[in-house]
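Student: Now for the letters of each chain:
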Amino acid sequence: MLTPAELVWLIAAVAKGDEAAFERLYAATRAKLYGVVLRILRRQDLAEEVIQETYVKIWNSAGQFNPGLSSPITWMASIARNRAIDLVRKRSELSIEEEPSAMEVAADSPDPLARREMTEELKRLLECVGRLEPDRQKLVLLAYYNGWSREQLATKFDAPLNTVKTWLRRSLMEIRECLGL
Amino acid sequence: MDYSEDHIALAAEYALGTLDADERAQVETMMSVDKDFTTMVRAWEYRLGSLNQMVGSVEPRPELWERIKTATGMADQQAPLVLPEALTAMPPDVPPPELPPRLGEQAAAVVDTGNVVRLQHQARRWRGVASAMAAIAAALVAVIGIQVAQPDWLPERLRPKPRTQIVEVKPPPAAALSGQFVALLQGQPGGPAFILTVDGATKNFTVRRVGATSADPGKSFELWLISDKLPKPRSLGVIGSDEFTARPVLSGFDADVVNGATYAVTVEQAGGSPDGNPHSAPVFSGKLIETVPPAR
Chain A
1 MLTPAELVWL IAAVAKGDEA AFERLYAATR AKLYGVVLRI LRRQDLAEEV IQETYVKIWN
61 SAGQFNPGLS SPITWMASIA RNRAIDLVRK RSELSIEEEP SAMEVAADSP DPLARREMTE
121 ELKRLLECVG RLEPDRQKLV LLAYYNGWSR EQLATKFDAP LNTVKTWLRR SLMEIRECLG
181 L
Chain B
1 MDYSEDHIAL AAEYALGTLD ADERAQVETM MSVDKDFTTM VRAWEYRLGS LNQMVGSVEP
61 RPELWERIKT ATGMADQQAP LVLPEALTAM PPDVPPPELP PRLGEQAAAV VDTGNVVRLQ
121 HQARRWRGVA SAMAAIAAAL VAVIGIQVAQ PDWLPERLRP KPRTQIVEVK PPPAAALSGQ
181 FVALLQGQPG GPAFILTVDG ATKNFTVRRV GATSADPGKS FELWLISDKL PKPRSLGVIG
241 SDEFTARPVL SGFDADVVNG ATYAVTVEQA GGSPDGNPHS APVFSGKLIE TVPPAR
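So the sequence lines, in the order shown, correspond to chains A and B. The first sequence: position 30 = 30 (my numbering), numbered continuously. The second sequence: position 262 = 262 (my numbering), numbered continuously.
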């Protein structure tokens with residue numbers, strides 16, 4: 001993985017239409033972004049579709065990236081993640097369980113080095129998540145990593161929808177307070 | 001920014017991803033007309049986005065890049081990248097690419113223009129090959145790493161000849177535990193002191209220190225696995241003084257034991273418990289939270 005500064009530089013070059021920079025940016029980030037969306041979509045065909053749209057959007061709107069507001073990888077991952085979540089919310093009939101082959105490609109290769117590279121932001125966030133009740137910690141992490149809707153979370157936690165809604169809201173507000181925002 | 005808690009919660013839940021399609025559309029509409037609200041949503045995305053650091057990378061199929069190039073209108077200038085044998089073959093009839101000046105530039109400056117295209121081509125091809133080689137190297141490192149550490153974890157066909165099976169890198173056959181798991185080991189009071197991460201596929205675990213937690217002089221922190229399926233706590237070893245301690249020792253336990261256990265840290269004499277039993281009450285403990293579901 002390139003450093004954030006290198007990624008910022010590449011995005012700036014992509015904004016000027018530099019195709020080689022775009023290729024390097026893709027090479028440096030594709031596996032992370034694909035891992036993020038595959039987890040949510042659980043289907044290779046849909047994940048590829050989302051990744052394609054994501055990089056087309058990055059190619060077309062690299063000039064809008066503001067390094068003061070986000071990190072390059074978070075900016076890119078947010079584009080990918082938002083598209084993935086839009087897709088699953090719009091296709092509520094999409095049944096993940098019906099696709100037994102869906103996760104065959106989702107090998108999480110052992111990647112202990114990535115954990116060594118936890119940023120300060122992640123450490124702080126995890127500290128704050130860790131202050132929530134254990135069930136709420138799980139709720140927030142499942143929502144984020146799997147892109148689950150409140151309905152799915154309600155099923156998982158065997159709780160009424162409104163309760164889940166309240167839990168989510170309180171958890172997020174507690175995280176906000178903990179982070180000092 | 002002066003937004004109601006409802007608005008803040010809406011922005012936060014958008015970033016978390018739990019809104020339904022209508023609410024997401026509502027947020028997107030609000031963002032299109034309200035710059036400050038957009039900033040708030042982006043701030044939440046940034047804040048929560050650091051969680052993606054814990055998500056394992058998955059290589060997409062190589063043809064995806066071809067599709068992206070086509071979709072961005074870049075594909076027409078370059079023959080598809082094949083593997084290294086393409087290095088020596090120069091297609092004679094590829095039209096001159098309109099490349100921005102780059103790697104080939106210095107070289108091109110000192111040769112006559114007839115060679116510029118050729119050099120740029122080569123530079124481009126080399127770059128493509130270089131990134132392909134980097135991907136292969138990364139896959140190899142992963143495979144070799146497992147082979148060296150614990151060849152038994154690999155599927156049968158990956159064991160003898162890694163070189164010919166790079167493209168076959170797949171998860172071990174889906175076991176009961178193959179997601180990613182995190183436990184926040186907490187004490188009284190406050191946030192976690194250690195973050196335990198377990199890779200379900202390999203059962204490798206990593207313990208990370210958070211904050212200024214450290215054992216008293218002459219003492220060591222020792223990590224234990226406590227399960228109702230086991231007669232007594234099992235030591236997972238002393239947590240080193242480094243920020244990270246990584247070990248594969250969970251591989252000896254069944255998936256449901258690893259998954260359901262409580263992980264606890266005790267204070268032991270320097271170097272760890274001499275008799276395999278814990279000698280203090282747990283000072284920090286926690287259970288695994290599944291952050292990535294197992295393959296199904």
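None of these hints come from the bench; they were simulated from the model. Don't take each hint at face value.
Claimed, not checked - Below, a list of computed lysine-lysine pairs in the DSS-like style, where the Cα atoms sit at most 25 angstroms apart:
#1 B/229 / B/287
#2 A/123 / A/32
#3 A/57 / A/16
#4 A/123 / B/287
#5 A/57 / B/35
#6 A/156 / B/35
#7 A/32 / A/90
#8 A/57 / A/32
#9 B/287 / B/232
Unchecked claim - Facing chain B, according to a computed beta carbon distance under 8 angstroms, are these residues of chain A, among others:
#10 30
#11 77
#12 83
#13 85
#14 161
Glycine is no exception: its CB is placed at the ideal position from the N, C-alpha and C atoms.
Student: So if I understand the rule, the pair passes when the alpha-carbon distance is 25 angstroms or less; does residue 287 of chain B with residue 232 of chain B pass?
Tutor: 17 angstroms, holds
Student: Holds or violated: are the alpha carbons of residue 57 of chain A and residue 35 of chain B at most 25 angstroms from each other?
Tutor: 20 angstroms, holds
Student: Does the alpha-carbon distance linking residue 32 of chain A and residue 90 of chain A stay inside the 25 angstroms limit?
Tutor: 24 angstroms, holds
Student: How about residue 30 of chain A: closest beta carbon in chain B under 8 angstroms, or not?
Tutor: Since chain B brings a Cβ to about 6 angstroms from residue 30 of chain A, closer than 8 angstroms, the hint holds.
Student: Measure nothing beyond the straight line between the CA atoms of residue 156 of chain A and residue 35 of chain B; if it is 25 angstroms or shorter, mark the hint as holding.
Tutor: Not OK: residue 156 of chain A and residue 35 of chain B at ~36 angstroms, beyond 25 angstroms, violated.
Student: Does the interface hint hold: is residue 83 of chain A within less than 8 angstroms of chain B, judged Cβ to Cβ?
Tutor: 11 angstroms, violated
Student: What's the verdict on residue 123 of chain A and residue 287 of chain B, does the C-alpha distance respect the 25 angstroms limit or exceed it?
Tutor: 18 angstroms, holds
Student: Against chain B, with CB atoms and a cut of 8 angstroms, does the hint on residue 161 of chain A hold up?
Tutor: Nearest chain B Cβ about 11 angstroms off; hint violated.
Student: Min Cβ distance, residue 77 of chain A to chain B: is it shorter than 8 angstroms?
Tutor: The hint holds - residue 77 of chain A has a Cβ within 8 angstroms of chain B, the shortest such distance being about 5 angstroms.
Student: Quick one, are residue 123 of chain A and residue 32 of chain A close enough, alpha carbons at most 25 angstroms?
Tutor: 19 angstroms, holds
Student: Does residue 57 of chain A pair with residue 32 of chain A here, judged by a C-alpha cut-off of 25 angstroms?
Tutor: This hinted pair holds, its Cα atoms lying about 17 angstroms apart.
Student: Within a Cα-Cα threshold of 25 angstroms, do residue 229 of chain B and residue 287 of chain B meet the stated pairing?
Tutor: 15 angstroms, holds
Of the numbered hints listed earlier, those contradicted by the structure are 6, 12, 14.
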